[in-house]
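Q: Each protein sequence line maps, in turn, to chains R, D and Y.
Numbering of the first sequence is given in the numbering used here, commencing with residue 193 and proceeding in unit increments.
Numbering of the second sequence is given in the numbering used here, commencing with residue 2 and proceeding in unit increments.
Numbering of the third sequence is given in the numbering used here, commencing with residue 520 and proceeding in unit increments.
Hints listed in this document are in silico derivations from the structure and should not be mistaken for laboratory results.
Be a bit skeptical, because a hint or two may be false.
[Claimed, not checked] Ranges between beta-carbon positions, derived for each pair:
#1 D:295 - Y:629: 36 to 46 Å
#2 Y:726 - R:403: 47 to 57 Å
#3 Y:665 - R:339: 53 to 63 Å
#4 R:403 - Y:623: 25 to 35 Å
Don't be surprised by glycine CBs; every beta carbon is placed ideally from N, CA and C.
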Amino acid sequence: MAAVTATTAGETTIREPGPLQRAGITLAHVLSHPLGAIGFVLVVLIVATALFAPWIAPYSPTAISVKERLADPSLSHLLGTDQLGRDLFSRVIVGTRTAMTVALTALSVSIAIALPLGLIAGYGPRWLDAIMILVFDSVSSLPMIMLGLAVVVLLGPGVSTVILVIVLYSVPSYARLVRTQTLSLKTRDFIKAEQVMNAGTPRILFRHLLPNVIGPLVILACLDISTVITLEAGLSFLGLGVKPQIPSWGNILSDGFAVIRNSAVPVIAGGAPLILATVGFTFFGEALRDALDPKLNPERKP
Amino acid sequence: MSATPALIEADRLSVQVPTGRLPFSQKAPLSILINVSLSIRPGEIVCMVGESGSGKTTFGRALLGLIKPSAGSITLDGAALPDFSNRSFRAVRRQAALLFQDPLSSFNPRQRIGAMIAEPRRIARSGSTRMQDIAALARQAGLSERLLARFPHALSGGQARRAAVARALSVVPRLIVADEPTAGLDVSIQGGVLNLFLDIREQHDTAFLLITHNLSVVRHVADRIVILYLGRVVESGPAAEILASPRHPYTRALLESEPVPDPARRRAEPPVIGEVPSIAARPPGCEFHTRCRHAQARCRSEAPRLADGPGDRQVACHFPLPEPQPAARGSLRLVSN
Amino acid sequence: MSAPAMKTPVLDMRAISVTYGGRVPAVVGVDLKVRPGEIVGIIGESGSGKSTLAHSVLGLLPKAASLQGEHFDLAGTDMLSAGRGTLTALRGPAAAMIFQNPMTAFSPIHTIGRQLTELLWRDRDQATGQKRERIVAALRDVGIPDPIGKLEAYPFQLSGGMLQRVAIAAALLMKPQLLIADEPTTALDVTMEAQILHLMRTLRDTAGVAILIISHHLGVIAEICDRVAVMYAGRIVEEGTVETIFRQPGHPYTRALFACEPALIPTGARRLPVIAGEVPRPGGTGCDFAGRCLFCEERCLNCAPPWATAAADPSHHSRCHRSMS
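Pulled out of the complex, with its shape left as it was, chain R reads as follows (with noise of 0.2 Å):
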């Protein structure tokens, strides 16, 4: 018996990586791509944005000065100015603040609420499953923008409306995701193993479940950050979202449509941070998600 395994007494430390050097390792491999490279650069440049935007903005965002309006770019105007001569550069700048704070916000809290959600409907009694896919259904059925406007008009425009919308469009489609999931997950041997083994429901759900369906979960918000930021941009360019005064890219491209006759320069500098925070976390999304496959990284394994 001892003769098939051939152990050499000297390779018997076995370390688990910390949390801290997991997540380095998993950073190396979303680096070691050249798209997640760009994503993660384009990433950690809006998210640094977003954070020192008061520090970054040479004017306040919504200084009006009447003298200045509509002026072209120039040294003291990085990007010129809009239609009430407020500085352009400075409103992109905090926009980024607004955008990332309602993304991740309304993301974050998606998450939250569909992974429960999703978990019990995947693994409970049948009849709950179909009540839960009904009101998921029932929810997703609605068109977006009635949606919104409906939100809208019960609450009054403003950040916290447009993140209680995105979450109310979210939530069935993410929850969704993550019964299909755990639909799938639950007849797999090592679930039926953990059952023999007495495993409680909390402990088959958190620990076994949740961290199979966790990934494509985060991987599916990273790529929906992008369109959460479009919504945002749409619903305040159609007055929907935040409020005029409070800069958002949504509502610079709103200005900067009324005024295009005059300039594109406000329209290029509402779109141009949209498509760059698109694409960073698109490809970030992408590369975390082939870095958190243990099956598709074999030097993960140490």
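Given the coordinates of chain R, assemble chains D and Y onto it according to the supplied hints.
A: Frame of chain R, contents of chains D and Y only:
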């Protein structure tokens, strides 16, 4: 032998699956397992043999409550389970471990092997989960401890099987149900897994239910053999007796179907032709009559009962094969003479 | 046995090697001949390179694999210089293959009849009715009950054993000179295994097709083969007639493998033998089996043993230092 009380006993256990997807569908449910009785004593190695569709895997899972039995009873240490709810089966599962046919799939793909081996101890909140103790557990199962930090997919078939055994030993079970324990393993290491089972039995008096279609491998370790056909027991008894003189024609066909590793003993004809009928269209009378060489008119109309005797043996056949057998013919008798 | 020996081999490999990614050898210097009407078995454990060898015959190797060697002839075509087009033309008329898992060998969304008809695309001038008759005849030949009805069946409606029969019928429809069977019975029940092996032997006797069968199961090899090659770590370590290999195995690895065969272990042995250690990466210095061999000597570690012919039997070869002395 019979003085030792049974560790676990299944009495006329049946499993049915609904055929229609809709709750009020008209179709009758399909029977996968019909009145299977089996008792396993501590330290006994019972081997359940049958072709695909015989219900052998279902029996192993029903015994642990992974599939709900539709009728029958299960008795653990002399006390019958009050019902077939998850709560009742917890008592069985506390004493038992299951080894899956594909050991790799029985590990969470996102957890390291070491953590998975410690899992039963974490769930039971008993026993040490320190790394050196988990490593000792792995060594006991013949698994190199440097593999503990790996993810499941980085293991070979043999290593994954040993890891599964190490996990089963984590909280020492009194019963191990092993589904095709040597499937997918090379001949050179198959023996190692069975030797490991024997070691475990010696140390802990653990009983085994080995579920397999391959008699030649398990015949060396089995104490008792149960042959299933279409969800029913057709023959059971002490392993040595069944291997030496099968009484049911199906058992003999199974034994003779094993190809003999000796070119001088080639068979002119396959021992049994045709394939297992579908459980949705069970033949009338004796369900094996469609493939049986000895089938007579009575076999086509009247189902045989599982009759006791001689000794500890049972056989369900109107015309059981005489005993002892005439000349040595089964492949498995090759080396015993 | 002497009659087939006179004919030109269907498959003739000399010093064939397959390397993955330019670095990792999988098959090392293999010599193998299969003559018309002959059933040759390759036996080996996982990682021995037996499947890679089988795939190389049909040009099914992945792109990362490179094939080198002195001579590689399949049904009169030089495989070493063959292009993609030549390989496609060879699949079918020269050699056909059946796989371990018949379930994945068929497309799930088309009927059996349609899939078999498509195999006959080469015979453009034949009418559909004629093709249908050929298919029905082929299905009947492999022992499928109600072959006409089965034409309309989808793969999931048939059992594994039945599908493996259909796979064999499909292979034979193309009238190949060589049939390659990669673990053809591993996924089947023993009763079905016996039937499929019997079928393959009958087809050799009636249709005269040569068969190269790959298996890790000694019983399967003994049941149908005329000649056997034992593969270990990418090399053929022993080759001979099935009687020689099973009666007087020369190589220590072959002997160890036989010692582990459960059907050959006396009943009541209880503790079962194993071969200690693991299969090494192919292409090492010295004898590949040295690390697990009970008779290992100094020279076994340092120099690779040559391919030697037994003095008593010119058809028995092995690759071991000890067999020469």
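Q: Each of the hints needs a verdict: does it hold here or not?
A: Do the hints match the structure? See the list:
Distance hint check: the CB atoms of residue 295 (chain D) and residue 629 (chain Y) are about 41 Å apart, consistent with the given range 36 to 46 Å. Between residue 726 (chain Y) and residue 403 (chain R) the beta carbon distance is about 55 Å. The supplied range of 47 to 57 Å therefore holds. With their beta carbons about 58 Å apart, residue 665 (chain Y) and residue 339 (chain R) fall inside the hinted range of 53 to 63 Å. One distance hint, 25 to 35 Å for the beta-carbon pair residue 403 (chain R) and residue 623 (chain Y), holds here, with the actual separation near 30 Å.
Comparing the model with each earlier hint shows no violations; every hint is respected.
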